[in-house]
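Given the coordinates of chain A, work out where chain B should sit on it, guided by the hints.
There are 2 protein chains.
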Amino acid sequence: MILIQGAKILLGEKIVEGNITIEGNEIASIGEKKDKSDVVIDARGLAAIPGLFNCHTHAAMTMFRGYAEDMPLQEWLEKKIWPAEMRLNEKIVYLASKLACVEMLKSGTTFFLDMYFFPSATARAVEETGIRACLSSAFFDFFSEEILETSMKRVEKELKELENFRVMRAIAPHAVYTVSMEGLRRSAEMAGREDVFIHFHLAETEKEVVEFRKKYGKDIVKALDEIGFLSSRLFCAHSVWLEREEIELLARRKVNAIHCPTSNMKLSVGKAMNYPEMRKAGVNVLLGTDGAASNNSLSIFNEMKFCALLQKFSYGAESFKAVEAFKMATENAGKAFGIKAGRIEEGWLADIVLVDLNQIQFSPCHDLIANLVYSNATVDTVIVDGKIVVEGGYFDGEEKLLEEFSKEVEKFFM
Amino acid sequence: MILIQGAKILLGEKIVEGNITIEGNEIASIGEKKDKSDVVIDARGLAAIPGLFNCHTHAAMTMFRGYAEDMPLQEWLEKKIWPAEMRLNEKIVYLASKLACVEMLKSGTTFFLDMYFFPSATARAVEETGIRACLSSAFFDFFSEEILETSMKRVEKELKELENFRVMRAIAPHAVYTVSMEGLRRSAEMAGREDVFIHFHLAETEKEVVEFRKKYGKDIVKALDEIGFLSSRLFCAHSVWLEREEIELLARRKVNAIHCPTSNMKLSVGKAMNYPEMRKAGVNVLLGTDGAASNNSLSIFNEMKFCALLQKFSYGAESFKAVEAFKMATENAGKAFGIKAGRIEEGWLADIVLVDLNQIQFSPCHDLIANLVYSNATVDTVIVDGKIVVEGGYFDGEEKLLEEFSKEVEKFFM
Numbered sequence: 439m440i441l442i443q444g445a446k447i448l449l450g451e452k453i454v455e456g457n458i459t460i461e462g463n464e465i466a467s468i469g470e471k472k473d474k475s476d477v478v479i480d481a482r483g484l485a486a487i488p489g490l491f492n493c494h495t496h497a498a499m500t501m502f503r504g505y506a507e508d509m510p511l512q513e514w515l516e517k518k519i520w521p522a523e524m525r526l527n528e529k530i531v532y533l534a535s536k537l538a539c540v541e542m543l544k545s546g547t548t549f550f551l552d553m554y555f556f557p558s559a560t561a562r563a564v565e566e567t568g569i570r571a572c573l574s575s576a577f578f579d580f581f582s583e584e585i586l587e588t589s590m591k592r593v594e595k596e597l598k599e600l601e602n603f604r605v606m607r608a609i610a611p612h613a614v615y616t617v618s619m620e621g622l623r624r625s626a627e628m629a630g631r632e633d634v635f636i637h638f639h640l641a642e643t644e645k646e647v648v649e650f651r652k653k654y655g656k657d658i659v660k661a662l663d664e665i666g667f668l669s670s671r672l673f674c675a676h677s678v679w680l681e682r683e684e685i686e687l688l689a690r691r692k693v694n695a696i697h698c699p700t701s702n703m704k705l706s707v708g709k710a711m712n713y714p715e716m717r718k719a720g721v722n723v724l725l726g727t728d729g730a731a732s733n734n735s736l737s738i739f740n741e742m743k744f745c746a747l748l749q750k751f752s753y754g755a756e757s758f759k760a761v762e763a764f765k766m767a768t769e770n771a772g773k774a775f776g777i778k779a780g781r782i783e784e785g786w787l788a789d790i791v792l793v794d795l796n797q798i799q800f801s802p803c804h805d806l807i808a809n810l811v812y813s814n815a816t817v818d819t820v821i822v823d824g825k826i827v828v829e830g831g832y833f834d835g836e837e838k839l840l841e842e843f844s845k846e847v848e849k850f851f852m
Numbered sequence: 439m440i441l442i443q444g445a446k447i448l449l450g451e452k453i454v455e456g457n458i459t460i461e462g463n464e465i466a467s468i469g470e471k472k473d474k475s476d477v478v479i480d481a482r483g484l485a486a487i488p489g490l491f492n493c494h495t496h497a498a499m500t501m502f503r504g505y506a507e508d509m510p511l512q513e514w515l516e517k518k519i520w521p522a523e524m525r526l527n528e529k530i531v532y533l534a535s536k537l538a539c540v541e542m543l544k545s546g547t548t549f550f551l552d553m554y555f556f557p558s559a560t561a562r563a564v565e566e567t568g569i570r571a572c573l574s575s576a577f578f579d580f581f582s583e584e585i586l587e588t589s590m591k592r593v594e595k596e597l598k599e600l601e602n603f604r605v606m607r608a609i610a611p612h613a614v615y616t617v618s619m620e621g622l623r624r625s626a627e628m629a630g631r632e633d634v635f636i637h638f639h640l641a642e643t644e645k646e647v648v649e650f651r652k653k654y655g656k657d658i659v660k661a662l663d664e665i666g667f668l669s670s671r672l673f674c675a676h677s678v679w680l681e682r683e684e685i686e687l688l689a690r691r692k693v694n695a696i697h698c699p700t701s702n703m704k705l706s707v708g709k710a711m712n713y714p715e716m717r718k719a720g721v722n723v724l725l726g727t728d729g730a731a732s733n734n735s736l737s738i739f740n741e742m743k744f745c746a747l748l749q750k751f752s753y754g755a756e757s758f759k760a761v762e763a764f765k766m767a768t769e770n771a772g773k774a775f776g777i778k779a780g781r782i783e784e785g786w787l788a789d790i791v792l793v794d795l796n797q798i799q800f801s802p803c804h805d806l807i808a809n810l811v812y813s814n815a816t817v818d819t820v821i822v823d824g825k826i827v828v829e830g831g832y833f834d835g836e837e838k839l840l841e842e843f844s845k846e847v848e849k850f851f852m
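So the sequences go chain by chain: A and B.
Those letters in the first sequence? Residues 439 to 852, per our numbering, in order.
Those letters in the second sequence? Residues 439 to 852, per our numbering, in order.
Hints may be right or wrong, so weigh each one.
In silico lysine-lysine, DSS-like type, Cα no more than 27 angstroms apart, as pairs [as the list claims (entries may be wrong)]:
#	chain 1	residue 1	chain 2	residue 2
1	A	Lys472	A	Lys518
2	A	Lys845	A	Lys598
3	B	Lys759	A	Lys452
4	B	Lys759	A	Lys518
5	A	Lys518	B	Lys471
6	A	Lys845	B	Lys452
7	B	Lys709	A	Lys838
8	B	Lys452	B	Lys471
9	B	Lys773	B	Lys759
10	A	Lys759	B	Lys518
11	B	Lys446	A	Lys845
12	A	Lys709	B	Lys759
13	B	Lys845	A	Lys452
14	B	Lys446	B	Lys773
15	B	Lys759	B	Lys692
16	B	Lys709	A	Lys645
Here are a few chain B residues that sit away from chain A, every Cβ distance over 12 angstroms (derived from the structure) [said to hold, decoys possible]:
#	residue
17	Val454
18	Leu526
19	Arg562
20	Ala626
21	Asp663
22	Glu756
To give an idea of the interface, some chain A residues facing chain B are shown, with a C-beta separation under 10 angstroms as derived from the structure [claimed, not checked]:
#	residue
23	Ser735
24	Phe833
25	Ser844
Think of the hints as simulated: they come from the structure by calculation, not from any bench.
Every residue, glycine too, gets a C-beta built ideally from N, C-alpha and C.
Pulled out of the complex, with its shape left as it was, chain A reads as follows (with noise of 0.2 angstroms):
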């Protein structure tokens, strides 16, 4: 049992100073109740806000973070990623993700859905680091029938290895771009069948949305609807560039969209997720970090901010709130899951942050949610699960982590 005492609780948009106990892997009670926990913590000067959601990241791309910055896309993959990537090994995947999960439960993340090669190298280091997460098993098919068999074998080997794990599945065709309208009816028919969920890139450019209509004759979101791809199901990263008409789809199928703002930035997709549109519309938004090559950093924190700011600076001022982001970071995504989490609620999972609200940066407080997506939040204590796995800002084995990734790292690159 643990005692969280005297913290400012962030129940949705309210704040209550009080209690919080946890039992197992929930929260028991919000209030004035004390019990003889096993663990006290002193949570005066801090607020405990739910944990937050990376809902797009490929987390094992920490390996390149700044290996290749501002060159043209194609020029990028061709000539750096692929090239590397034609040499992953489990075990630099294994390192690189779990150098991902200590830096995303440092920076207040407690869930991500992920999509990279060796999706269980990546389940050992979500296991072993104590954070929640939904895991891919990824294909291109290039539109080649052979290539789409042997993935969907492995696909569905990879999807069977991570049953062994505490983890969430899904199945990851990679895009319109790299897999065939075959490749994705099939996938959506293994995920009903597994009952896992689908991560999916969607609308990202102008160039794939361009070239989509002059192969198909259609948009994108209409033709994925006519096989069947389109359900709550389904998560797209970027959502970019969509019609109205095809959001308004997406809301009526329960599709959730994934908003990554700031790769969206870096890699100068041409413009911001339309969401405005998607809110009118009612479809349900998360935010992403994408992969640490294309932002170079996994802190919903910093995204939750560029969310924000693009908004404001794309559709105006007035066009979007803080509380929103904060929302597409939190209950947004719990309810996207189907998990009783992204809020604090007795009865729902123990995914819990401590921010200190004694620091400089973080003060005045008139606003506590404005402060949290703005102005630099300073983690203080991570829970996942009912498991304490941040303790003033430090995870446990942290040094002997870099160590081991760095040496490994290194043997990479060489």
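Chain B in isolation, oriented as in the chain A frame:
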């Protein structure tokens, strides 16, 4: 004497491992040299970089951080900020400025250019915290001769008072929509006579530019040139809505332009500073956070990221390199103020920041400058004018300051 031992030293864009010795307020040597220093800093695992410059802020506005979010500009000013500013006093300006100074120091900023009321209260905060600053005496005349006369007298008095402090000085006519052309002309005249800088808001919004053209029948920069306002003394915050000819004129007159990307995004000014054009013309471009009410942070590390990403988003992924943001925040600014700061060089001012390289979110370090710009640098030590002011990320006395500030803020907003 201070010896910084075993750092990774950023010399321009090159990294050299070695020692730095500091004598008085200057860098005495860079390289292998060790001496019998009074203070030895073990800098293994740290990068030594030049201190950062924040070239446009309103330091005391930390008191308004998160005070009035997501409101339309006019309502925000008229209902919230202006009524509060009517009640300002020296004590709150002093404490709010001091908080800002500590926030800046802790995030690696060693110099700021400020514009606010009661500049000598801010000067006191500057001296007590050890940061370097150029403080402005600000005024509006609202196109009234009478207000202009009163203002000029106050400005003269305030500039005189500032002579008693270890600060550089500027006169700050607010902007063309609040100050008459005669007020601007006299500002330039006084700046020449007193040998001080000019700090000014230029072309922040389209409205400002369109209305000026309507009123005066010409572009702002052209009109400013005709009254002798343009020179290397001049620091123009924002500089967003400018024509190519105006940018070229700024370059010819050696005017400094200050990019404030975060503020511009938050207040939705409609487009990004045209940096590619500025670069082509040869304008000296700097970075500023603007005040904490429209950011809501004073970290120039954040600002470099917003700068690089807003530029890439607006003008293409290859249009801007991380190192350009770093130069805006360092050597461009040192040059603008005519001081030997913004680079680590022998004989230059000892304004040095030590950044922790052994941080999860900073690893790997394929590219130090990319990490500094994008990956949430952790500031360990800050040295200004040869004095250690931040150690282990901590500013001596910060708790006491927070307490005093909080009490005063509570009283003020009661």
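Tested hints:
no.	hint	verdict
1	Lys472/A / Lys518/A	violated, 56 angstroms
2	Lys845/A / Lys598/A	violated, 31 angstroms
3	Lys759/B / Lys452/A	violated, 42 angstroms
4	Lys759/B / Lys518/A	holds, 17 angstroms
5	Lys518/A / Lys471/B	violated, 39 angstroms
6	Lys845/A / Lys452/B	holds, 23 angstroms
7	Lys709/B / Lys838/A	violated, 45 angstroms
8	Lys452/B / Lys471/B	holds, 19 angstroms
9	Lys773/B / Lys759/B	holds, 20 angstroms
10	Lys759/A / Lys518/B	holds, 17 angstroms
11	Lys446/B / Lys845/A	holds, 19 angstroms
12	Lys709/A / Lys759/B	holds, 20 angstroms
13	Lys845/B / Lys452/A	holds, 23 angstroms
14	Lys446/B / Lys773/B	holds, 24 angstroms
15	Lys759/B / Lys692/B	holds, 23 angstroms
16	Lys709/B / Lys645/A	holds, 23 angstroms
17	Val454	holds, 19 angstroms
18	Leu526	holds, 15 angstroms
19	Arg562	holds, 18 angstroms
20	Ala626	holds, 32 angstroms
21	Asp663	holds, 30 angstroms
22	Glu756	violated, 6 angstroms
23	Ser735	holds, 5 angstroms
24	Phe833	holds, 8 angstroms
25	Ser844	holds, 7 angstroms
When each numbered hint is compared with the structure, violations occur for hints 1, 2, 3, 5, 7 and 22.
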